[in-house]
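Student: Sequence:
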Amino acid sequence: MRAIKIPEKTVTRLSIYLRCLEELENDEMSSATSRQLADRFGLNSAQLRKDLAYFGQFGVRGLGYYITPLRQSLEGILGLKREWEVALVGLGNLGSALIRYKGFREKGFKISAVFDQDPAKIGRRVEGIQVMGGSKILPVIRKRKIKIAILAVPAVTAQAVLDLLVEAGVSAVLNFVPAQLTIPGWVKLQNVDLAVLLKTLSYHTARTKRPSSGKA
Numbered sequence: 002m003r004a005i006k007i008p009e010k011t012v013t014r015l016s017i018y019l020r021c022l023e024e025l026e027n028d029e030m031s032s033a034t035s036r037q038l039a040d041r042f043g044l045n046s047a048q049l050r051k052d053l054a055y056f057g058q059f060g061v062r063g064l065g066y067y068i069t070p071l072r073q074s075l076e077g078i079l080g081l082k083r084e085w086e087v088a089l090v091g092l093g094n095l096g097s098a099l100i101r102y103k104g105f106r107e108k109g110f111k112i113s114a115v116f117d118q119d120p121a122k123i124g125r126r127v128e129g130i131q132v133m134g135g136s137k138i139l140p141v142i143r144k145r146k147i148k149i150a151i152l153a154v155p156a157v158t159a160q161a162v163l164d165l166l167v168e169a170g171v172s173a174v175l176n177f178v179p180a181q182l183t184i185p186g187w188v189k190l191q192n193v194d195l196a197v198l199l200k201t202l203s204y205h206t207a208r209t210k211r212p213s214s215g216k217a
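When we follow the working numbering, the leftmost residue of the sequence shown carries the number 2, and every step to the right adds one.
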């Protein structure tokens, strides 16, 4: 039987649904309909039902979804039932901020290996992790079998570092480098270009008209 290809946007939305379910759990809600989820979080109820249907039958007719079981199912689908070791390459301003971000660990992602080419940084300990030079990328990642990496290096070295990560066995990369990078088909590259995101916001801001208050 041919496997169903899950749209990339569906996978992205699963993370959003998971966050919404966590909030409902914190509010001690036990169940909710797709319409209630849509109204509270600005979701599309039909899209939510379609996205979940790719992975099975989760709803109960006339009731909706049980919050905790659905949250647990989404965690399993997204691979969050285990802790993932993450390699960080590049300890500049952005990399330094990322390693101190507590949200990664809270969601099951542990930055456990840090690499940088600056001799002044190599050997230092940051957040309890010793910084290693680029020559250690291949042996360390292979030995620890790390599959996820964060790339935060200068654009001029990004492709060479990415090639090394792939050779070491990394299969998913969160890329903060504003450069066109090439990867083999089995590797997932998720680009985060902050400048592009800000330009998108400026586009919408320039065209947004504040509604009138109706007051004279």
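Among the hints, a few may not be true.
As the list claims (entries may be wrong) - Calculated pairs, BS3-like style, for lysine-lysine (alpha carbon to alpha carbon, straight line, at most 30 Å):
(1) Lys122 <-> Lys137
(2) Lys146 <-> Lys189
(3) Lys10 <-> Lys200
(4) Lys6 <-> Lys122
(5) Lys189 <-> Lys10
These are computed hints drawn from the structure, not numbers from a lab.
Student: Now tell me, hint by hint, if it's right for this structure.
Tutor: To see whether the hints hold, each was checked on the structure:
1. Lys122 <-> Lys137: Cα-Cα ~14 Å, so holds.
2. Lys146 <-> Lys189: holds (17 Å)
3. Lys10 <-> Lys200: holds (21 Å)
4. Lys6 <-> Lys122: violated (43 Å)
5. Lys189 <-> Lys10: holds (14 Å)
The structure does not agree with numbered hint 4 stated previously, though it agrees with all others.
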